[in-house]
Amino acid sequence: MKALNDLKVGEKAVVSEILTDGAMRRRFIDIGLIKGCLVKCVGISPFKNPKAYLIRGAVIAIRNGDCADIMVSGEVV
Amino acid sequence: MELKKTIALMGNPNVGKSTVFNALTGMKQHTGNWAGKTVETATGYFKSNSTTYEMTDLPGTYSLFTHSAEESVARDFLCFENSDKTVVVCSASCLERSLILALQCMEIKNDIIICVNLLDEAERMGYKIDLEKLSEILNVRVVGTVARNKKSLSNLIKNLNYKDTKSDFKIEYPKIIENAIKIIETTLENFDFNINKRFLSLRILEQNRSFLEKVKLQNGKSVMEISEIKASLSEALDYLKKEGLYENRISDFIASAVVKMAEITASEVISKTKSQYSKRTETADKILTHKFSGFGIMLLGLCLVFWITIYGANYLSNGLSFLFSYIEKFLESFFDFIKLPNLIKDIIIDGAFKVTSWVVSVMLPPMAIFFPLFTFLEDIGYLPRIAYNLDEPFNRCKSCGKQALTMCMGFGCNAAGVTGCRIIDSKRDRILAIITNSLVPCNGRFPAIIAIISMFLVTLGGFFGSLLEAFILTLVIMLSVAFTLISTKILSATLFKGTPSAFTLEMPPYRKPQILKILVRSLLDRTAFVLGRAVTVAVPAGIIIWLFANVKIGDLSLLAHISAFLDPVASLLGLDGVILLAFILGLPANEIVIPIIIMGYLSASSLTDLPSLNIMKDIFIQNGWTIKTAINFIIFCLFHWPCSTTLMTIKKETGSLKLAVFSALLPTLIGVLLCFFINLIF
Ligand SMILES: Nc1nc2c(ncn2[C@@H]2O[C@H](COP(=O)(O)OP(=O)(O)O)[C@@H](O)[C@H]2O)c(=O)[nH]1
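These protein sequence lines map, in sequence, to chains A and B. Heads up: the first sequence begins at 57 in my numbering, then just goes up one per residue. Heads up: the second sequence begins at 6 in my numbering, then just goes up one per residue.
Check each hint, because a few of them may be wrong.
As the list claims (entries may be wrong) - Restricting the straight-line Cα-Cα distance to at most 35 Å, the calculated cross-link-like pairs of lysine-lysine (DSBU-like) are:
1. A:K104 / B:K138
2. B:K90 / B:K10
3. A:K104 / B:K296
4. A:K104 / A:K58
5. B:K265 / B:K175
6. B:K296 / A:K96
7. B:K350 / B:K432
8. A:K91 / B:K33
9. B:K284 / A:K68
10. A:K96 / B:K517
11. A:K96 / B:K180
12. B:K33 / A:K68
13. B:K138 / B:K277
14. B:K277 / B:K90
15. B:K180 / B:K247
16. B:K277 / A:K91
17. B:K494 / A:K104
18. B:K187 / A:K91
If you're looking for bench data, these hints aren't it; they were derived computationally from the structure.
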């Protein structure tokens, strides 16, 4: 099991568990980031943080620290 | 009889809501390609079929349940204002996500129209959307639009005109939730809270405090204080627990059901074909956010923008000052002709007119050129990329990444940057961003900096001269960004301790900017605005400074007295009394600082003719300016109190006078310290 921020650019995975709590958890859900959601890492910023992810058709940047608690599984090609 | 209807405009950020709004109402809400720029609600009117529509553009939001200030505005409007129709603008290129909000809205209101915008973009991305099927599945009116093209909105208007049998839409939740809802809804039958009962039951079930507080405010009675409701809630909670769903996961469970429904609906109506378009955005992103080329392009781009500004402004300036010297001659002979007393003539021409003409001829041109360029970058979608590139430094300074966005807005106008800070959720991060916003120079301060750079730091003329000026200006900007970071870091280690809140930064697809519209809008609106400000601020300032210079106390003019009074402080900073006075008088608008300095110098000397712009430098030198003065002026221009509009905006946004005062003190302190040390060392 790895965290969302472990994805390398170009890798896809499925969210298996969101361990974040509170307001941020709600925010993730509101952009559609829930268990079972397919995500793809599409970019990394010059300082390696944040990374950009394709989530339900939108490209969204999230700081590594903020998505370390989002667990993903299975490389989907 | 004339009918009146009210319409609420909802939608995710950056789906084209403001564009729809502007096209329908003819108003000029700010549009731009990044999430979070509509932070204030706006209301406009339009007529169709003898019905007057009152339309309210609500701040963009991802969901009805998130907690940032501007997002709850949208939710509260939807829940508690009785609008006749609600238009939910969705993005066709990102329909699945847009539908989440649309579904949430449909749970509250039964008069929804879904407006699927950005159809052109979706088509380029290879998406085909079956609007009829969408309408069928959700049992709701659906229209497709391309908001930039006004004609495509006629369909939306047509749909607004229809009288509807209210649709009866329900999101099907998993069985156990439905059962729990039933328990609470049955109890609610006996009460009236003026809101959809099923929706309220769900919120009670997930114990959404902030929402229930609002319901209490609206109704004067608290839902959770009614014992029957409390009893049914605990009954429902007990039931769910028995089914294995714990209290703290209920809200997740409900929200996920909505997201899944959006997912299923979207998959049924979208068909995807192959397209190169997303590839191109990806490639552009690779280059613009690359380790090396990302920063290279950012700095070069900044340099280029400044170069165009400086080079173009030069021509405009010369033309305008030529024009003004004619107008002055004309005014003079006209006043002679009507035999205006000399005193009044002097006040008008040497006071009001001169300052105004300098503001317009020297300060206006760079602003008139910089602003459309800035808007261009905004429209194309570059701002979020800057924020993305710069996020890690902001992260190290313990601030929210969206601060990079509000900082960028500050380059346009600090007051706008401060208002823009509403996109930052956490209070601490927002205050940090607000306080440090005026550390970057706004559009009104650029011209002064440019003028001084071209007079003192770059003696080279022509093409290479302007290139060098642009380069120096870029360095100046980097200095201001550096100080934004440093102050943020120091503040977050001292007065505003804490960790930055997590955030998500949306990076929209690049969009073709509407060049013509940008030009027309920024030239007309912006120029009109600056001209208006020039007249309202420069005229009185010109008169004041003229009076200062000509009212004598003892042997010396009032101006000499004041500047002699300010001189000791000013000279510690490597400036002089007149300069400091100009900054003080420039509080209402930074554009007038340089014109006031010139006025001050001129009236003290016995020069009577209006000097051409070219010999402005001589006047400065005669009054003791050196390169050191120039550098200190630039530093002080970067770091001193923000203009009064910005200060008032800070007071309004933070609700605290203390913070407004602090935001004035912080940059001033930085400026004073820097100038003091530069003066000491060199
Ligand atoms: N290609 C295209 N661009 C659009 C359309 N509608 C809006 N835009 C652009 O999308 C961006 C965001 O629009 P805006 O109205 O500011 O979005 P808001 O945040 O929802 O108010 C702007 O750059 C608009 O010019 C459309 O139908 N097609």
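**OP:** Please flag the earlier hints that this structure goes against, numbers listed from lowest up.
**Re:** The structure conflicts with hints 1, 7, 8, 12, although it agrees with all the remaining ones.
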